[in-house]
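Novice: Here is what each chain is made of, one letter per residue.
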Amino acid sequence: MKNVRIAIGLAAITLLIFGIAYPAAMVGLANLLSPHNAAGKPVYRDGALVGFENIGQAFDSPPYFWGRPSAVGYNAAATGGSNLSPANPAYRQLVQNRIDTLLKYHPGIGVKDIPVELVTASGSGLDPHISRAAAMIQVRRIAASRRISEEQLRRLIGQHCRKPLLGIAGPGDYVNVLKLNLALDAGVESAGQSPD
Amino acid sequence: MKPVLNRSIFNKAIFRESASASFAKLSPRAMLKNPVMFTVELGAAVMAFVTLLSLFSEREALGDAGYNTAITLILAITLLFANFAEAVAEARGKAQAHALRKTRMDTPAKRLLPDGKTELTSATALRQGDIFLAEAGDIIPADGEIIEGLASIDESAITGESAPVIREADTDHSSVIGGSRVLSDRIEVRVTSRAGESFLDRMIALVEGANRQKTPNEIALTILLASFTVVFLIVTVSLQPFAAYNNTAITIAALIALFVCLIPTTIGGLLSAIGIAGMDRALGANIIAKSGKAVETAGDIDVLLLDKTGTITIGNRKATNFYPLNGAGDEAFLELALLSSLADKTPEGKSIVELAEALGARPDLPGKDSLKYVKFSAETRMSGIDLPDGRRIRKGAWDSIRMWCQMEGGVLESFEAKTREIAEKGGTPLALAVDQKPQGVIQLEDIIKPGIRERFERFRKMGLKTVMVTGDNPLTAAFIAHEAGLDDFIAEAKPEDKLAYILQEQAAGKLVAMMGDGTNDAPALAQADVGVAMNNGTQAAKEAANMVDLDNDPTKLLEVVEIGKQLLITRGNITTFSIANDVAKYFAIVPALFATSIPGLNALNIMQLASPESAILSAAIFNAIIIPMLIPLALRGASYRPIGAGALLTRNLLVYGLGGIIVPFIGIKLIDLIVCFFI
Amino acid sequence: MFTEITGAIMIFLLSALLAWPLGKYMVKVFKGEPSWLDFLAPVENAIFRLCGIRPEEGMDWKQNMKALLLVNIAFFLLAFLLLSIQGFIAFWNPNGFGNWEPTLAFNTAASFTTNTNLQHYSGESTASYFTQLAVFTWLQFVSAGTGIAACALLFQGLANETSSRLGNFYKLLIKSCTRVLLPLAAVLALILSFRGTVANFRGIQQAATLEGGAQMVAGGPAAPMIAIKQVGANGGGFFGPNSTHPFENPDYLSNMAENVAILLIPMALVFSFGFYLQRRKLALMFFGLMSLMFISFAGLSAWQEARGNPAFTDMGLAQCTNMEGKEVRFGPVASSLWGVSTTSTSNGSVNSMHDSHTPLSGGIFLLDMLINAIYGGVGVGFINFFVFLVVAVFIAGQMVGRTPSLLGKKLEAREVKIAALIVILHPLLILAGTAIAAHGIRVDPELGWLNDPGFHGFSEMMYEFSSAAANNGSGFEGLGDNTPFWNITTGITMLLGRYLPIIGPLAIAGSLAVKKPVPESAGSLKLESFAFGAVLLSVILIVAALSFFPALALGPIADYFTL
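Chains as they are written, first to last, in this note's numbering: chain A, 352 to 547; chain B, 20 to 698; chain C, 43 to 605.
So that you can see chain A by itself, here it is in the shape it has in the complex:
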């Protein structure tokens, strides 16, 4: 009986310490020290929340860089991946369709030029990044749509390209699609070259 009382007491007290006090303290501390990061790096434009730096957004219109396919349509309130296996025929069909779509909207590129992440869905469904090559094949479409030079776009991509951590760890040569598109919008607006 004594042990039962200890067990109940222990459950209640640890819940208060580790379930309430610890997280509240950590959230408080994080917001105190680094509120922007603790908020998930929100991006505001003209005071309005347009997204979060690391949360990918759906882009499928011609003037923007397109991100990766998402199994959840970039719904950041019900996230997830496709969970399709490499051998699944339905999955293969899906990838084929994506290839066909890309080819259709990007005349002049071959299948070989398509980087694999552009036809596969990420695990979170919110992957904010694509590789430099994936951005590059979209340059002609965006340039045409925005009426800016391809060279400008390539330079922009180069500026946004991320290096591996410390130059030695992890993948490099990838860009944040949202930031790239924000830059596109910013650049376009400031230059007054809006095609629309």
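Just so you know, not all the hints are guaranteed correct.
Calculated cross-link-like contacts (lysine to aspartate or glutamate; reagent style EDC-like; alpha-carbon spacing at most 20 angstroms) [as the list claims (entries may be wrong)]:
| hint | chain 1 | residue 1 | chain 2 | residue 2 |
| --- | --- | --- | --- | --- |
| 1 | B | K480 | C | D80 |
| 2 | B | K52 | C | E454 |
| 3 | A | K353 | C | D102 |
| 4 | B | K468 | B | D383 |
| 5 | B | K312 | C | E454 |
| 6 | A | K463 | C | D356 |
| 7 | B | K309 | B | D220 |
| 8 | C | K108 | C | E98 |
Rather than coming from a laboratory, the hints here were simulated on the basis of the structure.
Since chain A is already given, all that's left is putting chains B and C on it; use the hints.
Specialist: The following block gives chains B and C in isolation, referenced to the frame of chain A:
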């Protein structure tokens, strides 16, 4: 010259007896004590039933009748092979025990009646407490104790040792064994047990008995093997719904074959044979162990208590040098030494005479009657001779001679120095004096057995600590222990010192083995984890020990330890082999099960077996025939080399672990090459 | 690719290097030696006083196990209750999520109490912040603490010379939480929130996207939970897709930190064994053995992922790296390393979707859980490893001709019997569970559990039961597992797979603890030898992995050969 025992693994009689016993052992009640093989029997029973059904039904799950028959037969053969292994081991044990006992029955006995007359009767008619007479040429009818007389006895019929032994009343060597032969002299013996019911007979019956107790390690291993069997049962049973999910039909025959191949039948089938053979190997070395546990424990021994005499040194001390010290000339001293020992029949005394003669002493011997021998007495602790010319020659330990003599400081010093010098080199100094004047010192030395140092080196590599037990003084003991390469010694040992030493080592968690023969050894024998009594020792010693050495050979301890280790190693090696075999069996059977419905899995058929049916049959056949092929290993025991635990493990792992992975790949492939002709 | 590999190597080395001092430190905590966190003593003493615990009271293995079970029952019941009435708790529930369905509540309470964190729910759409913190985060601490405490009891059992007292479970539980988990989690939580892991109490926010749409973005107090989920081998994510989610794992640095955190305590406890028993060389041998498997598996998995999907080649793509279910910022190598880390250590968090890995890579993750002792879960990993050790010592001990003894204690029928039962448990839970599921879906395909047909569908079911039995918590998430069948069967599997493998080895330790030690000699089995390492590795591979070979052949292996 070992006795009648046939050391070859099979002879016709054993083969015939074992073959029939293997069928008798199929009774489920007998099988139940071996969980692994019991499940094989269940599998065989199910298969027999399925085979019957398949003769009359075309249902796909039942499979082809001919194929079912083949699998059923292979399973039955697997069982028979396992039973055969056990039966052979038992038969060999029985044959061994039988041979030992045969000689003791139905010999004539001369019973001594209270009126002093003798009555000729048969050994079986002797009762405990009867007294019988045995003279040169007689076979001793029953175990007993000499109450009168001394005789040399040939015990080779029992022990295989051809050298005769001396047995004498009122000593520690007073017991005689039924079946041995009196070579000389005449003794009166009191019967301690009837023929065929002696202590040894009871022990032999225990050894060969069918109600053998499993040893602790064997029990533990059986449990582990049973758990593997359950795991593979789960694996096999669950495979049916898995296959069904993939629209693959697996026949019952294939599932049962997979199950039997995966469970550790090799070790399961040989386990009891290994245990019996361990006892049997001990018996073959003329050691009767009271239980398998004792043999198993022997492998764990950490400390060996060894008597110096007979084990480390050859028999007794020998004279090796004469040192005249008090002005006596070399030759004169030799003569004195020789004379002093003329009547001394101890081995030391004889060796003094021999050495003196060899060095050229030829004293004029006066008539025998004119000499007066002075026997060693506890009072003076000297022995010697009184010559007709009145000279009194005495020899003895330096202490006692010093008491007897008068001498000046210089002489005293030179004697003290010499005796100490001899003792420090492991010798025993004997001082010699004439008419209370010291003359010189005789050096006696222990002769360390040739090769004993290497032997102890072996033990050190095995991790055993060797301890010499001796009555010598600490100086001498230290020297001999060092020379022979022992780790420790007990000097000036009394029986209670042995017990104290054993208790002390055991308190540190060590296991101790010792050998003994006297009644006063009994407590130590009982306390030791492995106590080996000599067969010519007293009844009390034999009762206290858990093994009896029929050869009375003090170096037997070493063999006992090796037999114990072999027992465990054999079990460990065959277990490893058995489990390692599973790798190849998986690669034979798994692709075979799914080859037709999932052709991709044929990539796993790395042995390129001809067809799914032949693959399964080959694996099952390999699984069966590996058992009889390993019977010799199980019975002889894996070879043991004292190369240190690490090297031993590496070696056994390469042979039985790696071998256990590779051999079945080759074996199954070869069998498949033959089997595919028949399908 | 090169920098991806150097990144993976850095993660492994960093984990091992940090684990060494942590292992040493944890021994200090277990033994109650002074350390720099002694200022926490008043808090701990207050807990002891409030609960009526006498921390210095030594208990034998049975008393400790009784304490462990009772405490865990209390955890479970409280968690079940709080989930069932979630909708009634207005506190920290900005999105207004309702009560949990009973079987899901049962499964989830079992899942977090057993340190499994199998999630048949999706965090951002089911669990209120109160549930995420006061139920999940709380249990992530105390369930990990339970495991570490059990491991400490095991160490003491092995160290004892003829004493049955293993220590005090309550004290070890509290101190593991306050002195090991809390500081590590706090540090990691701060690192993560500096990198962009969310830490707030705002509900779902709406962003106006550049293309003029609206994006609903779920946030919340994720950082503190993610920190303890990694440190404590829990793995239950704040969000559905776990650490693939940019709010859980924003960049490569956070990924490194989390991956190191996954490996840290499991690795450190191997070293702790060495420090606790003064057998550092042996601990290093164990570590080497585990690392050998770990590195081989990670290498094989990464190679398979980089080699990718052959179907892509057929479609004409130049690159066929398998990026399905993976994040660009991590790449295939870090995804494979994480996958092997999380399945080895019974963590269960993911930074890529295991279901979408290539068959052999997914098979390796499965194998990791079938072995469940490559570093293993916090505390329980070493306890599982200990069972293999008992079996290996028993076999190898005989091969050198002595009654097998482990760390100076003889292994006899009683110890082998317990180990044998534990050896059976894992295949029983996994294969029986999978068999029932496979039968069910064959009889009634309408159940619609499976996201992928054929062999991979089989893998999904087997993975789920393996994950539950190994208390891992990751999943082939294509499986539609929030059904009463899966909730109840895996719930029971998790409970059995948690407590029996703790009780069994502790019973062995309890029985070894009272034995008189046997001194070692040249004839004793040297555990620190290469040969014994080979035996141990073979036992692990043959006993644990090979018994699943037929099942693996029908799942990942068939999947691979028909790809």
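Novice: It remains to establish, for every hint, whether it holds in the given structure.
Specialist: Quick rundown of the hints versus the structure:
Simply put, K480 (chain B) and D80 (chain C) have alpha-carbon atoms about 49 angstroms apart, too far for the 20 angstroms limit, and the pair is violated. Among the hinted pairs, K52 (chain B) with E454 (chain C) is consistent with the structure: their alpha-carbon atoms are about 19 angstroms apart, no more than 20 angstroms. Between K353 (chain A) and D102 (chain C) the alpha-carbon distance is near 17 angstroms, which keeps this suggested pair within the 20 angstroms criterion. Of the pairs offered as hints, the one joining K468 (chain B) and D383 (chain B) is violated, with about 36 angstroms between alpha carbons and a cut-off of 20 angstroms exceeded.
This hinted pair checks out: K312 (chain B) and E454 (chain C) have alpha carbons roughly 13 angstroms apart, not beyond 20 angstroms. Only pairs whose Cα atoms come within 20 angstroms are accepted, and K463 (chain A) paired with D356 (chain C) is accepted, the gap being roughly 11 angstroms. About 11 angstroms separates the Cα atoms of K309 (chain B) and D220 (chain B), which keeps this hinted pair within 20 angstroms; it holds. Straight-line distance between C-alpha atoms of K108 (chain C) and E98 (chain C) comes to about 17 angstroms, which keeps the hinted pair within the 20 angstroms bound.
Going down the numbered hints, you'll see the structure goes against 1, 4, while the others check out.
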